[in-house]
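Between the sequences and the hints, there should be enough to build the whole structure, so can you do that?
From first to last, the protein sequence lines stand for chains A and B.
Mapping the first sequence onto full-length UniProt numbering, position 158 (from 1) lands on 158, and the numbers just tick up by one.
Mapping the second sequence onto full-length UniProt numbering, position 100 (from 1) lands on 100, and the numbers just tick up by one.
Honestly, the hints are just simulated from the structure, not real lab data.
Please note that the accuracy of each hint is not assured.
Which copy is meant is left open, because identical chains are indistinguishable; a pair holds if it fits in one copy or across any two.
Unchecked claim - The calculated DSS-like cross-link candidates involving lysine-lysine, where the alpha carbons are at most 25 Å apart (straight line), are: (1) LYS18 / LYS56; (2) LYS56 / LYS28; (3) LYS20 / LYS109; (4) LYS56 / LYS27; (5) LYS122 / LYS142; (6) LYS317 / LYS110; (7) LYS142 / LYS114; (8) LYS123 / LYS109; (9) LYS56 / LYS20; (10) LYS193 / LYS241.
As the structure is a computational prediction, the values presented were derived from the model and not from experiment.
There are 2 protein chains.
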Amino acid sequence: MAIIVHKYGGTSVGTAEKIKNVACRVKKTRDQGDEVLVIVSAMGHTTDELIELMNKVSENPDPREYDMLVSTGEQVSAALLAMALQSIGCPAVSLTGGQAGVITEDIYKKARIKEIKLDRIKKELKAGKVAVITGFQGVDSKGDIITIGRGGSDTSAVAIAAALNAKVCEIYTDVDGVYTTDPRIVPEAKKLKSISYEEMLELASLGAQVLHPRSIECASIYGMVIHLRSSLNESEGTYIKEATKMEKKEAVRGIALDENIAKIGILKVPDKPGTASKIFGALADEKINVDMIIQSIHSQGTQADMAFTVDTPDLKKAVEIAKRVAKELGAAEVISDPDVAKVSLVGIGMVSQPGTASKMFKALSESKINIQMISTSEIKISCVVKFEEGKKAVQVLHKAFGLDKISQ
Amino acid sequence: MAIIVHKYGGTSVGTAEKIKNVACRVKKTRDQGDEVLVIVSAMGHTTDELIELMNKVSENPDPREYDMLVSTGEQVSAALLAMALQSIGCPAVSLTGGQAGVITEDIYKKARIKEIKLDRIKKELKAGKVAVITGFQGVDSKGDIITIGRGGSDTSAVAIAAALNAKVCEIYTDVDGVYTTDPRIVPEAKKLKSISYEEMLELASLGAQVLHPRSIECASIYGMVIHLRSSLNESEGTYIKEATKMEKKEAVRGIALDENIAKIGILKVPDKPGTASKIFGALADEKINVDMIIQSIHSQGTQADMAFTVDTPDLKKAVEIAKRVAKELGAAEVISDPDVAKVSLVGIGMVSQPGTASKMFKALSESKINIQMISTSEIKISCVVKFEEGKKAVQVLHKAFGLDKISQ
Chain A
1 MAIIVHKYGG
11 TSVGTAEKIK
21 NVACRVKKTR
31 DQGDEVLVIV
41 SAMGHTTDEL
51 IELMNKVSEN
61 PDPREYDMLV
71 STGEQVSAAL
81 LAMALQSIGC
91 PAVSLTGGQA
101 GVITEDIYKK
111 ARIKEIKLDR
121 IKKELKAGKV
131 AVITGFQGVD
141 SKGDIITIGR
151 GGSDTSAVAI
161 AAALNAKVCE
171 IYTDVDGVYT
181 TDPRIVPEAK
191 KLKSISYEEM
201 LELASLGAQV
211 LHPRSIECAS
221 IYGMVIHLRS
231 SLNESEGTYI
241 KEATKMEKKE
251 AVRGIALDEN
261 IAKIGILKVP
271 DKPGTASKIF
281 GALADEKINV
291 DMIIQSIHSQ
301 GTQADMAFTV
311 DTPDLKKAVE
321 IAKRVAKELG
331 AAEVISDPDV
341 AKVSLVGIGM
351 VSQPGTASKM
361 FKALSESKIN
371 IQMISTSEIK
381 ISCVVKFEEG
391 KKAVQVLHKA
401 FGLDKISQ
Chain B
1 MAIIVHKYGG
11 TSVGTAEKIK
21 NVACRVKKTR
31 DQGDEVLVIV
41 SAMGHTTDEL
51 IELMNKVSEN
61 PDPREYDMLV
71 STGEQVSAAL
81 LAMALQSIGC
91 PAVSLTGGQA
101 GVITEDIYKK
111 ARIKEIKLDR
121 IKKELKAGKV
131 AVITGFQGVD
141 SKGDIITIGR
151 GGSDTSAVAI
161 AAALNAKVCE
171 IYTDVDGVYT
181 TDPRIVPEAK
191 KLKSISYEEM
201 LELASLGAQV
211 LHPRSIECAS
221 IYGMVIHLRS
231 SLNESEGTYI
241 KEATKMEKKE
251 AVRGIALDEN
261 IAKIGILKVP
271 DKPGTASKIF
281 GALADEKINV
291 DMIIQSIHSQ
301 GTQADMAFTV
311 DTPDLKKAVE
321 IAKRVAKELG
331 AAEVISDPDV
341 AKVSLVGIGM
351 VSQPGTASKM
361 FKALSESKIN
371 IQMISTSEIK
381 ISCVVKFEEG
391 KKAVQVLHKA
401 FGLDKISQ
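In structure tokens form, the structure reads like this:
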């Protein structure tokens with residue numbers, strides 16, 4: 001008898017009808033003889049509605065009270081799912097994060113899980129019950145309710161699955177797996193049977209928002225197999241797990257497009273030690289996430305141009321900071337461009353196949369797509385191109401690397 | 001520095017705007033130098049909405065899951081009120097029943113409070129914060145969330161106030177106090193400045209639904225003064241406390257009308273020992289609350305007629321049971337009448353003024369109102385009359401006992 005963890009997101013438990021469907025699916029798994037735990041998110045737009053109410057009573061809500069407020073959403077879905085399970089003859093019990101023994105750091109709104117005390121969960125499983133646990137939350141050392149930040153329910157599911165040594169953590173969502181690229185851009189995109197943690201992490205960080213990066217990190221640390229699949233059908237989705245030998249042979253496994261970035265350049269920065277730390281320190285202080293950074297020596301040799309990308313919503317603030325720091329440093333000018341997109345190739349085999357980058361650049365240049373910035377990591381190559389050329393770049397590369405022909 | 005407990009019901013915290021008003025009122029009390037605790041109910045129709053959802057997923061929901069579900073309503077209002085307080089510069093913290101140390105019996109849906117562990121509440125008060133506590137709930141020995149039944153938030157407020165030795169427990173509602181009778185029936189009805197626990201208990205049991213009987217019982221045990229007042233204005237309401245000498249002189253303090261009753265008669269029951277226990281035992285088994293019971297010896301001497309009242313919603317089921325038991329006992333017939341109402345005089349001074357009952361009967365007979373059943377207790381006299389004559393009976397009695405002339 002193995003332990004299987006299911007996780008259902010807000011859309012999958014959005015209505016009473018959907019909750020009943022989830023109950024049937026859970027019961028089916030349990031009827032196959034396994035012990036089942038279910039992690040649930042808040043129903044549909046519950047969290048947004050609570051936040052709307054919150055904004056009406058307070059302009060700057062206390063993070064502690066925020067957690068107290070929004071954590072109710074998961075509690076409602078957990079109780080309803082437990083009831084739905086019982087009503088089809090499947091013994092079940094709902095547990096809050098605290099009751100399930102999920103202990104977090106003492107940080108409101110974005111704590112990490114420190115420990116999972118399994119006594120209660122084990123007791124309920126032993127009593128033959130399906131444990132339905134509120135995702136996204138735990139309690140701190142004071143017993144206060146703590147939420148664990150965006151994508152928290154995925155992380156809850158993986159952490160609980162890992163603590164229990166579950167066979168698999170099945171994450172149900174409204175897509176049916178991970179594709180070689182966004183099928184809306186490339187209709188020939190193929191669903192991957194499996195993908196490694198590292199590759200999934202890169203794809204998730206690049207905006208493939210099916211799984212939160214933290215949950216993948218957590219799964220990777222504990223070697224927990226995630227099965228990402230659709231709550232709308234029975235078909236197999238994509239397994240996220242240790243890379244197989246086969247996968248390591250493939251240079252490129254997936255292509256991601258991030259259209260939500262903007263480019264900033266600081267020109268003619270006097271080339272002195274500490275310059276970069278001044279610029280990026282100031283941005284970090286304001287919690288602005290900087291992605292690609294390129295420093296190019298200027299023709300004169302004593303000056304450098306710095307270019308970097310930020311998320312589009314941060315652009316205005318980032319430019320403001322860049323102008324202030326540029327003045328302090330005696331740089332010539334700050335330029336910015338919101339009309340860019342980032343195309344990335346991801347593949348764990350890239351590390352052993354050095355020709356990938358040049359093949360990428362060649363394919364783009366043959367399609368007359370100009371590359372504005374390049375950054376590479378062991379398993380990723382990203383290029384910044386004009387916004388209008390982003391989708392075309394993905395299509396060109398998907399074909400060039402034969403991703404439409406693979407049968408994985 | 002005294003401790004003052006405020007309690008706000010669902011209507012008083014029904015919208016973001018109303019929550020902000022409550023925050024202002026709480027802050028005002030605190031600015032006067034007292035320590036303040038606030039007990040809140042769920043916003044407006046939240047509980048009903050949750051129950052509606054529940055009924056869609058389960059026909060016979062588990063009481064444990066019911067508690068898990070509905071307790072979220074109070075948690076939402078507590079968090080929002082804490083935020084609203086903070087946003088007007090009043091330090092505050094919300095606490096669930098469990099966090100506030102409210103320990104209940106291990107019975108879902110209708111537990112009694114066993115104990116209040118004050119550590120956390122005291123710590124928060126010491127830190128200068130207003131503690132906003134979810135009403136209606138606590139935790140049991142397993143840490144499961146338990147609700148404490150209908151009217152639970154009033155009881156939570158009184159119990160917490162008593163445990164903290166608060167100066168007063170102010171219960172805010174949409175009426176501005178306790179009246180000599182329902183002002184919709186008698187426009188001359190007067191607001192009482194104060195009323196004793198016993199009288200309030202009788203009035204509450206008689207359908208004056210401003211305060212739940214359990215909360216009054218609890219206040220009476222601990223001698224906690226309740227100030228029942230309106231959340232819509234600043235005027236003084238009614239104090240519920242030990243009877244004063246003055247009050248003991250008044251025979252009649254209030255008149256209640258309960259239109260939600262029905263009468264059942266079992267005719268010609270063979271007069272044998274155990275008959276009554278058979279009838280009322282069977283009704284109790286089905287959780288049907290029986291109020292007035294009258295057994296009259298039938299003309300023949302070996303048979304008796306039994307009459308009793310039940311709440312109207314229970315009538316159908318009660319008749320069914322009565323018919324079954326009547327058959328077993330060999331009784332002649334079961335009759336029922338939903339068109340009745342109960343008029344009651346309540347007053348702690350009644351015990352020392354024996355003329356009250358006859359004065360009541362006389363006033364009713366002079367107005368040609370026929371009395372169908374009578375029952376008396378030390379501080380109450382109730383008469384069942386025709387439904388159509390209920391309101392008139394109240395008006396007649398209000399005048400006969402001079403309640404429109406008192407100035408309390």
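Quick rundown of the hints versus the structure:
Within a single copy, LYS18 and LYS56 get their C-alpha atoms only as close as 30 Å, which misses the 25 Å cut-off; across copies the closest is 11 Å, which meets it. Only between protomers do LYS56 and LYS28 lie at most 25 Å apart by alpha-carbon distance; the minimum there is 21 Å, versus 43 Å within a single protomer. Taking identical chains as interchangeable, the C-alpha atoms of LYS20 and LYS109 lie at most 25 Å apart only when they sit on different chains, with a minimum of 24 Å there against 30 Å within one chain. When the C-alpha separation of LYS56 and LYS27 is checked against a cutoff of 25 Å, the pair qualifies only between copies, where the shortest distance is 18 Å, while the shortest distance within a copy is 41 Å.
For a Cα distance limit of 25 Å, the shortest separation of LYS122 from LYS142 qualifies both inside one copy, at 23 Å, and across copies, at 14 Å. Only within a single protomer do LYS317 and LYS110 lie at most 25 Å apart by alpha-carbon distance; the minimum there is 23 Å, versus 54 Å between protomers. In this homomeric assembly, LYS142 and LYS114 come within 25 Å of each other (Cα to Cα) both inside a single copy, at 14 Å, and across copies, at 22 Å. Only between protomers do LYS123 and LYS109 lie at most 25 Å apart by alpha-carbon distance; the minimum there is 23 Å, versus 29 Å within a single protomer.
With identical chains, the CA atoms of LYS56 and LYS20 are at most 25 Å apart between copies only, with a shortest distance of 9 Å across copies and 33 Å within one. Proximity of LYS193 and LYS241 under a CA criterion of 25 Å is satisfied intra-copy only: 11 Å inside one chain copy versus 72 Å between copies.
Comparing the model with each numbered hint stated earlier shows that all of them hold.
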